[in-house]
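Enquirer: Below, each chain spelled out in residue letters.
Protein chains: 2
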Amino acid sequence: MNDVPQISIIGITGLPEIKEGDDLGSMIVRFAQGQDTPLASGDILVVTQKIVSKAEGRLVDLRKIEPSAFAAEFASHSGRDARLVELVLRESRSVVRMDAERGIMITETKHGFVCANSGIDSSNVFGEDYVCLLPEDPDASAEGIRIRIRELIDSPDVPVIISDTFGRAWREGHGNFAIGVSGMDPLKDYRGEIDASGKLLRVTNIAVADELAGAAELVMAKVINVPVAIVRGYAYSAVDNASIAPMLRERSRDLFR
Amino acid sequence: MNDVPQISIIGITGLPEIKEGDDLGSMIVRFAQGQDTPLASGDILVVTQKIVSKAEGRLVDLRKIEPSAFAAEFASHSGRDARLVELVLRESRSVVRMDAERGIMITETKHGFVCANSGIDSSNVFGEDYVCLLPEDPDASAEGIRIRIRELIDSPDVPVIISDTFGRAWREGHGNFAIGVSGMDPLKDYRGEIDASGKLLRVTNIAVADELAGAAELVMAKVINVPVAIVRGYAYSAVDNASIAPMLRERSRDLFR
Chain A
1 MNDVPQISII
11 GITGLPEIKE
21 GDDLGSMIVR
31 FAQGQDTPLA
41 SGDILVVTQK
51 IVSKAEGRLV
61 DLRKIEPSAF
71 AAEFASHSGR
81 DARLVELVLR
91 ESRSVVRMDA
101 ERGIMITETK
111 HGFVCANSGI
121 DSSNVFGEDY
131 VCLLPEDPDA
141 SAEGIRIRIR
151 ELIDSPDVPV
161 IISDTFGRAW
171 REGHGNFAIG
181 VSGMDPLKDY
191 RGEIDASGKL
201 LRVTNIAVAD
211 ELAGAAELVM
221 AKVINVPVAI
231 VRGYAYSAVD
241 NASIAPMLRE
251 RSRDLFR
Chain B
1 MNDVPQISII
11 GITGLPEIKE
21 GDDLGSMIVR
31 FAQGQDTPLA
41 SGDILVVTQK
51 IVSKAEGRLV
61 DLRKIEPSAF
71 AAEFASHSGR
81 DARLVELVLR
91 ESRSVVRMDA
101 ERGIMITETK
111 HGFVCANSGI
121 DSSNVFGEDY
131 VCLLPEDPDA
141 SAEGIRIRIR
151 ELIDSPDVPV
161 IISDTFGRAW
171 REGHGNFAIG
181 VSGMDPLKDY
191 RGEIDASGKL
201 LRVTNIAVAD
211 ELAGAAELVM
221 AKVINVPVAI
231 VRGYAYSAVD
241 NASIAPMLRE
251 RSRDLFR
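Protein chains in written order, with the numbering used here: chain A, 1 to 257; chain B, 1 to 257.
The following block holds chain A by itself, in its conformation from the complex (with noise of 0.2 angstroms):
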């Protein structure tokens, strides 16, 4: 078994809903260590956006939001709530398609990612006029985690990925991404390296932040309240100032934008 490469995704359950304030880091080593996997040296967290958002106080009383004409023409057009649609709109810098038919938003958010909505959306959030934000910067709330995780257990300097569930084109079916990162290069660039054929390769570069989000939300079905979970045994590359940007397409080299 010595040289088997082996990864185990670990969900870490019994988390109590989010408040504003609430601390993440402590809250998470504290269930780690209750379900006998505590934190250990080499594990990758991933901690999905709807708590982190929770935590940054980023819920929206769609009562206080006014639509603009836009908004409204757009919502009376596709059956979709006037105050959510104005919302979208003010969480994107910029609009990549609307279908008012099919009441379709896919939006560039100021983050820069390109998703549905702006990344808002009202599952798992009580209160039928409350809706979720994305964090403000998500680099910063995993940052944020990863620091305050070092400070309250010795050895381990644990990456963070904030992960949100988004769609893709092409393909049917949602998928969880990474939107942040703290302590690891979201990405495996293996161009350049030589492949087992003796051939350079020119090309690949893994999206392993993506794929590390991936694999938790096989842990952390919707319904049921596994928010986080710990990847232990990816070779992770530990940098620091890892940052979400890179994996994000500059416009000017995107085809589909």
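Misleading hints may appear alongside valid ones.
Claimed, not checked - Here chain A is said to cover these stretches of chain B; the calculated rule only asks that three of the stretch's residues, wherever they fall, bring their Cβ under 8 angstroms from a Cβ of chain A: (1) 95 to 106; (2) 158 to 170; (3) 174 to 186; (4) 192 to 198; (5) 204 to 218; (6) 245 to 251.
The set of hints was computed from the structure by calculation and includes no laboratory data.
The C-beta atom is built at its ideal place from N, Cα and C for all residues, glycine as well.
Given the coordinates of chain A, assemble chain B onto it according to the supplied hints.
Expert: Showing chain B alone in chain A's frame:
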């Protein structure tokens, strides 16, 4: 530890270079046993496209390909191999984007996958003039491996996913995607279920086969020889006549073609 959700991903190492006609199912069973991680009930196998294509004789000698005038024209502007351009076009049913300046061809393959170069590449293929096509029918490839394994070992009926590495719209870095499936539902539909806050989930349909493929990639580093992974502990939905087709968005529903 009883209620802690946990998944393991185990790479299968040591397989020799695959040749046309090799019995992949039997090799996978043998090498999994040989490294003391025999297949067990509940396991899912993720098998990279490259070894499936090799076993199915999908290597092509470019010296036998006669480029069309169109392929030659694109090749001369993009600096690409005209024979490869020709093959990419032959393996596609439509071109989604071509950019001669950057040498990019995004096509829709005969199967319906939207990816660069119709999924053709030369990495890990021996011989300067040889490239590798996708399997002709990756669902059938997955089914064949699954049935062969069921003949060889007793208890488990192990679902099989064939994976390949594709680029994505909007994001840098490649990811592993499912291109064929047998024995499990590639999607997990939460629509109609109730979330932790009591709200009806309206949208979420998770592309689990892609997440399993991506998770497997984490143990399948490109430059070493790990072409197969076991995913252990994921509660998949067993189905007969599984297919990747429901995961391929219909053109009429797609905003990015």
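Enquirer: Would you mind marking each hint as holding or not holding in the structure?
Expert: Here is what the structure says about each hint:
1. Restraint check on the stretch 95 to 106 of chain B versus chain A: 4 residues with Cβ-Cβ distances below 8 angstroms, three needed, restraint holds.
2. Taking a C-beta to C-beta cut-off of 8 angstroms, the stretch 158 to 170 of chain B contributes 4 residues in contact with chain A, enough for the three needed, and the coverage statement holds.
3. Counting residues of the stretch 174 to 186 of chain B whose CB lies closer than 8 angstroms to any CB of chain A gives 5, so the stated coverage by that chain holds, three being the minimum.
4. As drawn, the stretch 192 to 198 of chain B meets chain A at 6 residues by the rule of a beta-carbon pair under 8 angstroms; at three or more, the given contact holds.
5. For the stretch 204 to 218 of chain B, the assignment as covered by chain A holds, since 12 residues bring a beta-carbon within under 8 angstroms of that chain's beta-carbons and 3 suffice.
6. Given as covered by chain A, the stretch 245 to 251 of chain B passes the check, having 4 residues with a CB less than 8 angstroms from a CB of that chain where 3 are the minimum.
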